[in-house]
Amino acid sequence: MYCIIFPIFRNFKPKTTGHYQQQILILMQETYYDPKDLKKFGKISEWNEALGDKFFEYYNKVFEAGALSPREKSLIALAVAHTIQCPYCIDAYTGDGLQRGITKEEMMEALHVAGAIRGGATMVHGVQMMNKYNKLSM
Amino acid sequence: MALSQSLLKQGKALADAQNQLTYLSNGIFKSELPSFRDRIKQCGVNQLYPKTLEILQVNLGYMCNQVCAHCHVDAGPDRKEIMTKETMQSCLNVIRQSGAHTLDLTGGAPEMNPNFRWFVEEASKVGIQDFIVRSNLTIIMANKSFNDLPDFFKTHNIHVVSSMPHWTRGKTDTQRGDGVFDKSIKALQMLNDVGYGMPESPLRLDLVYNPSGAFLPGDQMALEQDFKQALLTDFSVHFHHLFAITNLPISRFLDYLIASGNYEDYMYNLVEAFNPSALENVMCTNTLSVGWDGYLYDCDFNQMLHLKIGSSSNHISNFNLEALQKRAIAVSQHCYGCTAGAGSSCQGSVT
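Residue numbers (my numbering), protein chains in the order written: chain A, 1 to 138; chain B, 1001 to 1351.
Where hints are given, some of them may not hold.
What the hints assert, rightly or not - Just the calculated beta-carbon pair ranges, DEER-fashion:
{"#": "1", "chain 1": "A", "residue 1": "D37", "chain 2": "B", "residue 2": "K1085", "range": "56 to 66 angstroms"}
{"#": "2", "chain 1": "A", "residue 1": "K104", "chain 2": "B", "residue 2": "L1321", "range": "45 to 55 angstroms"}
{"#": "3", "chain 1": "A", "residue 1": "D34", "chain 2": "B", "residue 2": "A1013", "range": "42 to 52 angstroms"}
{"#": "4", "chain 1": "B", "residue 1": "Y1049", "chain 2": "A", "residue 2": "G115", "range": "54 to 64 angstroms"}
{"#": "5", "chain 1": "B", "residue 1": "L1321", "chain 2": "A", "residue 2": "D37", "range": "47 to 57 angstroms"}
{"#": "6", "chain 1": "A", "residue 1": "M123", "chain 2": "B", "residue 2": "S1025", "range": "53 to 63 angstroms"}
{"#": "7", "chain 1": "A", "residue 1": "M108", "chain 2": "B", "residue 2": "Y1268", "range": "25 to 35 angstroms"}
{"#": "8", "chain 1": "B", "residue 1": "E1122", "chain 2": "A", "residue 2": "P87", "range": "51 to 61 angstroms"}
{"#": "9", "chain 1": "B", "residue 1": "S1025", "chain 2": "A", "residue 2": "P70", "range": "35 to 45 angstroms"}
Hints are computed from structural coordinates only; laboratory data are not their basis. Model, not experiment: these values are computed from the prediction. Think of the CB as a built atom: it goes at the ideal place given N, C-alpha and C, for glycine as much as any other residue.
Take these sequences, add in the hints, and give me the full structure.
Dropping the structure here:
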């Protein structure tokens, strides 16, 4: 039995299924992100209550209805979450979108907006490349 | 995700109410999360007691033409438990004397009970203020004998409450079965045609929204606005109000939560969203549920979990309001579903 999912285990020969599961568990414990940590977000205030409280007050205010609806804000948050590649935020705002009745078509379109801007940011620098190329070339 | 048979017919362990209660009392509720009883104690509430009885909810049977993936009743075409005419007669006697202002008929599909129309005709003579029938909509389209239900409802001034998990076909059919969305829209148009749900119409048509997955319902008013706009724009359908109802972790929804690996997160979410204001208004404090066999329960969910009522008056045939008012309400971890966020009841949010 060889592991094809995790390349790190390519040469690992488990003696028993339990041994194999134990190694998988060790690998999982060593990842940076744990989905359960999202529930502990509020704990950041424990090490600086004044700033933590101000941050969460601001955060909650941002998502209230204003010139934009909470639904629109949720879609923006989802798109930004993917741009900054925050797994906690992706979990949070996919769930938030489902609660608001946002469809998967709307979610994916929001992501394409993020993708277009991200791709556009790469490509628009092409002008800088072209300027430099032209300047240096005879 | 749509099913073809009830859990009972499939012989699944979770078809058994005791197995559900055992599951809900172990696991994370042994180690990480407080039991519902302990959580309400933190709010100074040792027991839940009834207030004035306002709603009598009668379950006419578990037979249904649909097999919805989230159904807390485990209803379906293969369920044969339906209320007899004799038990209905006992219900009528109680309706006349209970003082409840609302009579709420549910199922399964209550219309599939062969004595449904007789019961509605007799009950409507009592002159109850709000007479609800929970219709799954597709029953109106199931065969010709049900096509006249909108007129029948109108004749008896029935308040129709119908299920609709989303304004899109895909999400509705995933939860309730292929083709359910189109049939539901057609049934809503038929109800609109006789005046149900139209602006300013006294013929009340409300929709029930259950999330189609392991998440809690969002804000009821915002969802109502989205539903209204989409159904009107796409199908010219009108309705009055939307009730956003949380899926309680019992029966098929519990089975789904466990099978999909969402059980623990869902229970965490429910416990985290516990709202003391919702606790003050939970529906078991103003409602009594009558099972198809005449037994009384604190709510429809307790009925499905066979949590018998804590009173010597435990059956519609020995109904005694005075004795019932003194009972303590039976609770378990599923009750977190009614106290999460804005709260949840058969009439929607409670705060």
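For each hint, the structure was consulted:
1. A:D37 to B:K1085: 56 to 66 angstroms: holds, 58 angstroms
2. A:K104 to B:L1321: 45 to 55 angstroms: holds, 49 angstroms
3. A:D34 to B:A1013: 42 to 52 angstroms: Distance hint for A:D34, B:A1013 is violated at roughly 31 angstroms.
4. B:Y1049 to A:G115: 54 to 64 angstroms: At roughly 56 angstroms between Cβ atoms, A:G115 and B:Y1049 fall inside 54 to 64 angstroms, so the hint holds.
5. B:L1321 to A:D37: 47 to 57 angstroms: holds, 51 angstroms
6. A:M123 to B:S1025: 53 to 63 angstroms: The hinted range 53 to 63 angstroms holds for A:M123 and B:S1025, with Cβ atoms some 58 angstroms apart.
7. A:M108 to B:Y1268: 25 to 35 angstroms: Holds, at about 27 angstroms.
8. B:E1122 to A:P87: 51 to 61 angstroms: holds, 59 angstroms
9. B:S1025 to A:P70: 35 to 45 angstroms: Taking Cβ atoms as reference, B:S1025 and A:P70 lie about 36 angstroms apart, which means the hint holds.
Going through the hint list in order, the structure does not satisfy hint 3, though it satisfies all others.
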